[in-house]
Amino acid sequence: MKKEELFAKLRANTHDQFDMPDMHVQALKYADTLQQFIAMTKSSGGKAIRLKRDADLNVAVAEAYPDAKVIASNLPGIKADRNPDLVEDARDLNGTDVGVIRGEIGVAENACIWIPQTMKEKAVCFISENLVILLDEADVVDNMHEAYARIKMTDYGFGTFISGPSKTADIEQALVMGAQAARSVTVFLLS
Amino acid sequence: MKVGLFIPCYVDALYPHVGVATSKLLHYLGVDATYPHGQTCCGQPMANAGFEKMSRPLVEKFERTFKDFDYVVIPSVSCAAFVRFNYPKILEHCKVSEKVYDVVEFLHDILKVKALPGKFPHVVSVHNSCHGVRELGLSSPSELPGPRFNKIIDLLHLVSGITVKEPERPDECCGFGGMFAVEEPDVSKRMGEDKLAEHIATGAEYITGPDCSCLMHLQGVARKEHKNIKFKHVVEILAAGL
Amino acid sequence: MSTLHAKRAREFLKDPAKITHHDQTFWGMRMSRDKMVTQIPEWEELRDKASEIKRHTITHLADYLEEFSDHLEKNGVHVLWARDAKEFNQMVLKILTDHHVKKMVKSKSMMTEECGMNDFLKARGIDVVETDLGERILQLMHLKPAHIVVPAIHITRQQVAHTFEEKGMSQEEGNDDPTYLTRCARNSLRSEFLEAGAGMTGCNFGVAKTGDVVVCTNEGNADMATSMPKLHIVAMGLEKVIPDYASLAFFQRLLCRSATGQPTTTYTSHFRKPRPGGEMYVILIDNGRSDFIANPDHWETLKCIRCGACMNTCPVYRRSTGYSYSFFIPGPIGIDLGMLKDPKANSGNVSACSLCLSCDEVCPVHVNPGSQIYLWRQQLDHFGTANSEKKLMSWGMARVYNNYFMYDTALKMAPLLNHVPEAIIGNPKWSPWCVGHKMPVFVRKPFHVIEKDLEKEYGKESTTKL
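Respectively, the protein sequence lines represent chains A, B and C. Anchor point for the first sequence: position 136 equals 677 in the working numbering, and the numbering is continuous, going up by one each time. Anchor point for the second sequence: position 91 equals 288 in the working numbering, and the numbering is continuous, going up by one each time. Anchor point for the third sequence: position 173 equals 236 in the working numbering, and the numbering is continuous, going up by one each time.
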């Protein structure tokens, strides 16, 4: 079907038209935005750890995941075994124990963290058994209206909000962490 | 105020004591209520079954009968809701739809009754009929946020000695639905059984609600299951002693 | 007088314990949703505005689709327009064969279900692997989804364990622990993700202003499906487009809370461009939507964001299960969509509603699915699918009600029914009422007779006669 044909048909078949509403809404704000974010991260199945920005993140990763053998990251300063910028193929990232990635905005109402793609292979965000997400405390907002007003895409043209580990309740409604993607998520809240 | 009383077809035929209670209560409260003789039905059963056009003559008759009253009071939320919301779509320039009130609404919002003479020292479980909850606003729908309210319960509490309960799912449908009960008899039966079980679980001796069609359905199920629980329309309890 | 839904429901209701479990499962989801709602004071405002955003977008759909596709194309995404299911399936096949793809992984898409894509491709030698756990289980069991969000909710863990063992996905015979089974699926699907030549996703929202395809999942399977294979195909219904990010915020906040009672899906992914070295196709599908929009009573069905809240709250769905409906989407919205798509084929679902209107209250975008069912009922006669016995009953009632003499006489005679033996009057074969009820008792003195005595009691003059 040609799109012009479709557009003509849609226009011909539309009777009344309606305007956009006033988009302003008095949306949920929290007395302590950061505490709410931390609480929601926990209830989404994730963990939030507060660290100083100058903390040794590699030590923190090792403490969070002592059994991890393979780390993947392209972040400067992170000791990684694999670099999602440099791998030949996304599949080479399979078997990663911990992926360390950067989050730009945190959302208190639902523990979502906006992660724009900043590496050649975004697979690192999903294929890693565990995820560590670095997020500045100052970048946590109350709700999705605020988040969507701020998020930016990179040239890669992909970004995702991640809230806690991958999960499913498809078998008899029993909640299981670690469906197809990360089995655990640890957020390093930096200040 | 000139008040017209409409007694639905099935109340006329099966539960006239509900009509009597309504009439007596209004009389006691000093309301000059008139029952125009020759009434039959508001037209809802045919419309809900999908034959709204068949209701038109009844809609016209209702309009003729009641358009000059200040208020029309009906002891049935489903009929009141049908007149209020569906009549304007069936009949152009319908006047009566704005005047019609279910008896609970009328007592609570218009007369603002604050005292009742009766005693009803029993445990009752309130059946919040769907039309009452979601169309007439007799109680806060459980689906929506906001402060909880229930006009039926407010009025019941004016009757001394009463203990009021609600089932765990306070406003889930009983499964009557008019023709639904005969077109989907198995689902209707199951819904009725589940609802009845919840009412019984409150420990109530009576199930009470603002619509006899729901009560009729639950009573039919109860009798089939040989359950002893009793049924009264809300207005019967409010008119206790009259 | 039995409709398709009523007949099928009867069969399912023969297993009362199973129906209890089904009912409680979905009531639980409704409760979870309610809990979320109490935490959002602005909930009603979100619903109202989301509804208006949709009304605006749908009534300017061509403009937004144009904007959306322009951005996509500028970003290097191929945009195709499919008139119907047949065209969509052919397009997908062509893309896959052109790229020599033999295996495609896909995340959940009701759109592909609507088009029957899986069977179409399978018959032509393409291995389509569902990666949503529920959909994958159903695929392996050759069953259809019973719900649009939790499609396999009716499958027991034992059934899953048995299936996984059969397929070699589970090595521990008899182990039906959900965590263990999920791990089995994870391992099995991990290979599929790694081997697949293409990944297909649906689209929850298409952002016109930026050309973002937004996909929401809890499992991350849409992301896995699009992070390894270099070919990404998006199956998107026309009505999924929304204006901008500010609009998206409303829908993102409403969707998962309404669907499962979670504050968000784990992943809300925005796809704007193909992967480095990859290709991305967005196929926009009409399949009747450009006709639905012309229907003055029902065009607002297009606002639906496929959350499933209406079916979770529907007391009829909960007690009859998704397989009682003739359309691939069950529950209130399924009745409406089925009637839009093929009224003659799907009229048998329209009985599946007691008009309780709970669905109207939970719908995040005010589709008012229950109110629409009332309207569809009025049209069955026009489609020639009205139940003739119900019509006769209604006609009969109308006749009696319109003739006071007949009405009065009927009421005078009715008490005779009280004396008819139970075996006859209470027989479900003659009286569907008696499937579940004992007959009510007809009174000797109806209200309109008693009323005359009341008037005397009050000392009134004779009242207005009609």
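Hints listed in this document are in silico derivations from the structure and should not be mistaken for laboratory results. There may be inaccurate statements among the hints.
As the list claims (entries may be wrong) - Distance windows between CB atoms, simulated: (1) His-556(A) with Phe-346(B): 53 to 61 Å; (2) Phe-346(B) with Ala-572(A): 40 to 48 Å; (3) Ala-553(A) with Leu-355(B): 15 to 23 Å; (4) Glu-402(B) with Gly-522(C): 35 to 43 Å; (5) Ala-80(C) with Asp-696(A): 51 to 59 Å; (6) His-445(C) with Asp-573(A): 36 to 44 Å; (7) Asp-240(C) with Leu-355(B): 40 to 48 Å; (8) Phe-346(B) with Lys-166(C): 56 to 64 Å; (9) His-565(A) with Gly-400(B): 33 to 41 Å; (10) Ala-357(C) with Val-611(A): 52 to 60 Å; (11) Arg-253(C) with Arg-552(A): 44 to 52 Å.
Unchecked claim - Chain A is nowhere near these chain C residues, computed Cβ spacing over 12 Å in every case: (12) Leu-67; (13) Asp-97; (14) Lys-112; (15) Thr-160; (16) Leu-184; (17) Glu-229; (18) Pro-306; (19) Ala-312; (20) Thr-327; (21) Arg-335; (22) Ile-356; (23) Thr-448; (24) Val-483; (25) Val-498.
To be verified - Examples of chain A residues lying across from chain C (beta carbon under 8 Å, computed): (26) Leu-547; (27) Val-566; (28) Cys-653; (29) His-686; (30) Lys-708; (31) Thr-709.
All figures in this text were calculated on a predicted structure; none of them were measured in a lab. Even for Gly, the Cβ is constructed at its ideal location relative to N, Cα and C.
query = Does the no-contact call for Pro-306(C) survive, Cβ to all of chain A over 12 Å?
reply = The claim breaks: Pro-306(C) does not keep its Cβ more than 12 Å from every Cβ of chain A (closest is about 7 Å).
task = Test the statement that Lys-112(C) is away from the interface with chain A: the closest C-beta pair must be farther apart than 12 Å.
result = Nearest chain A Cβ is 5 Å from Lys-112(C), so the label is violated.
ask   = Is the nearest CB of chain A more than 12 Å from the CB of Thr-160(C)?
value = Since the minimum Cβ distance to chain A is about 20 Å, Thr-160(C) lies beyond 12 Å and the statement holds.
message = Please verify that the nearest CB of chain A lies beyond 12 Å from Asp-97(C)'s CB.
response = 17 Å, holds
ask   = Quick one, is the Lys-708(A) hint okay against chain C at 8 Å, beta carbons?
value = 5 Å, holds
query = Any CB of chain C closer than 8 Å to the CB of His-686(A)?
reply = 4 Å, holds
request  = Double-check Leu-547(A) for me: the hint is only fine if its C-beta lies closer than 8 Å to a C-beta in chain C.
outcome  = With Cβ-Cβ at 6 Å, under 8 Å, it holds.
query = Is the Cβ of Leu-184(C) more than 12 Å away from each Cβ in chain A?
reply = 20 Å, holds
key: Exclusion check [Val-498(C) not at the chain A interface, CB over 12 Å]   = Nearest chain A Cβ is 31 Å from Val-498(C), so the label holds.
key: Interface hint status, Thr-709(A) versus chain C (Cβ within 8 Å)   = 5 Å, holds
task = Could you tell me whether the CB distance from Ala-357(C) to Val-611(A) stays inside 52 to 60 Å?
result = 57 Å, holds
Closest CB of chain A to the CB of Leu-67(C) still more than 12 Å away = 28 Å, holds
Comparing the model with each earlier hint shows violations of hints 1, 2, 3, 6, 7, 9, 14, 18, 19, 20, 21, 22; every other hint is respected.
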